[in-house]
Amino acid sequence: MTTYNKPIPVPSPSTEFFWTGVKEHQLLLQQCDKCSAYRFPPSPICPECLSSDYTVKPVSGKGTVFTFGVYHRLYSPAFEGDLPYTVGMIELEEGPRLVSNVVGIAPDDVYCGMPVEVTFDDITDDATLYKFKPAG
Amino acid sequence: MDRKLTGKYAIVGVGQSPLGKVPDMGPLDLLAVAAKNAIEDSGIDKNDIDGLITRGPDDINNHHQRIGQVLGLDVNFSTSTDNGGASQIINVAIACMAIEAGMCNTVLVGYARDSWSRSHRNRSANMMVQTTDPSLARREFGPEFGMFGAPVNYALSARLHMQQYGTTKEQLGSIALAFREHAQRNPLAFIRKPLTMEDYLDAKTIVDPLSFYDCSIFADAGGAVVVTTLERAEALAQSPVHILGFGFGNNLRGWHYGDHMVNTGAKRAGETAYSMAGVGPKDIDAAQLYDCFTQMVLLQLEDYGFCEKGEGGPFAASGALRLGGVLPTNTSGGQLSEAHAEGMLQVVEGVHQARRDYGPDRQVKDAELVFVSGHGGATTCQSALILGNHR
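As given, the protein sequences belong to chains A and B, one line each in that order.
Just so you know, we're using my numbering here: the first sequence kicks off at 1 and counts up by one.
Just so you know, we're using my numbering here: the second sequence kicks off at 1 and counts up by one.
This is chain A alone, in the form it adopts within the complex:
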């Protein structure tokens, strides 16, 4: 694998399971056992009802582009070859929103409300990112 220069996510204690799932090409979210709400980012308590009881579940990976911006300005040399690239706020079917890239489509063709599905990008031997592509 060629050298990967971009930032690699640094998990915190509460997000370790999430990144382990992504490494195995699964999007895992916590679902509250009491009120059934899914949540993101990961947390030991439910932000809706404060219950501490939850189950980690794989989710569909389907959702829509809630809104997005297209980077034309370079902030980090590692992204030079990617300009212009899309950073979107993806709203999953299960409710939570995640920041990610919208890939496999020209930035000009992305729109708010566009159906997308998750795709996994193995960036190094040890790290994987979740990204979203137009729903197929």
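It is possible that part of the hints are untrue.
[As the list claims (entries may be wrong)] Among chain A residues calculated to face chain B with C-beta under 8 angstroms, some are:
#1 Pro11
#2 Val103
#3 Ile105
[What the hints assert, rightly or not] Sample of chain B residues with no beta-carbon within 12 angstroms of chain A, all distances over it, derived:
#4 Gly68
#5 Gly102
#6 Val129
#7 Glu140
#8 Glu144
#9 Ser211
#10 Tyr257
#11 Gly278
#12 Gln363
In short, the hints are calculated from the structure, not lab data.
All figures in this text were calculated on a predicted structure; none of them were measured in a lab.
We put the CB at the ideal spot given by N, CA and C, even for glycine.
Given the structure of chain A, go ahead and fit chain B onto it with the hints provided.
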């Protein structure tokens, strides 16, 4: 809303540092100069200051202990808040509350940062537009996707607003142009070069739909104000500017949650401030709105009730924000043209307008009520302040 504090406290002095490129001064130096100017403007004896509130938490952001040392102040009450650009108005409000509680009598509130010098130290700092300690940067759920810098969150908001209400790029541009026109009347503003709509539309894209002139100006800049009781104020040099109302709204579930990117905490902040002052948006003569980005001005025009939700674009494009318009806004040039000091200079300008300090080219005619806002803290915190020249 309890109205017992309205008009009971006043801003009696304001000061600012040199603005723009000030390479020989760090943030504490800039604030020291602004504070000295505010103290001298008020005519108060330095030793009568028994309260100090800054926006913290670190030296880059003026920790109160460090600035107290620089100014030679031992005080009863001091602290630093951490609500980003909403902090400066919160600090004015905390000053009133601390005096009301009998903790102190006269409070210095200030903030400065060396954003131009800090972001021009080297190529990497310049590329990242680095204004704070890099060790505080997010390490997951952002940078791995190339999500850097402040503009992106306002680009996400602008995109939604454009889709929901048909807001246009030209309407955002009218905000940048109005404030630049005001900066040309302000000899101390950092950027005074004339700006046309053609310049605005041709400028390089930063994060689409936002481009260069949608973004505020990084500058070395600081400001400070002195807050005390109306009783003390009446014995001082300047005519007091009354603190008539303040309010706060913090959408802590985040910018990305629910409809927060389009309906901000400013609505709650404004309602509280208007209720405390006993006035409404139609009574306001001038506004100093937190303009980190044009999009944030647009949202606040709506959320503070100066126009209906969704009408911010047409309202701005009508010329309303210009001197002579229905709501002269950011009459110093604002953070988009004068200098970005996280809202501190907007408090300073609000006081100048309420005191009617300027000549006819810059003064909002017959100004009585000035609305000032703050915003920040990872986009979730909003603060509002209503100033007046009589009770």
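The hints, checked one at a time:
| no. | hint | result |
| --- | --- | --- |
| 1 | Pro11 | 6 angstroms, holds |
| 2 | Val103 | 10 angstroms, violated |
| 3 | Ile105 | 15 angstroms, violated |
| 4 | Gly68 | 35 angstroms, holds |
| 5 | Gly102 | 37 angstroms, holds |
| 6 | Val129 | 7 angstroms, violated |
| 7 | Glu140 | 4 angstroms, violated |
| 8 | Glu144 | 5 angstroms, violated |
| 9 | Ser211 | 8 angstroms, violated |
| 10 | Tyr257 | 7 angstroms, violated |
| 11 | Gly278 | 36 angstroms, holds |
| 12 | Gln363 | 38 angstroms, holds |
In this structure, the hints that do not hold are numbers 2, 3, 6, 7, 8, 9 and 10, in rising order.
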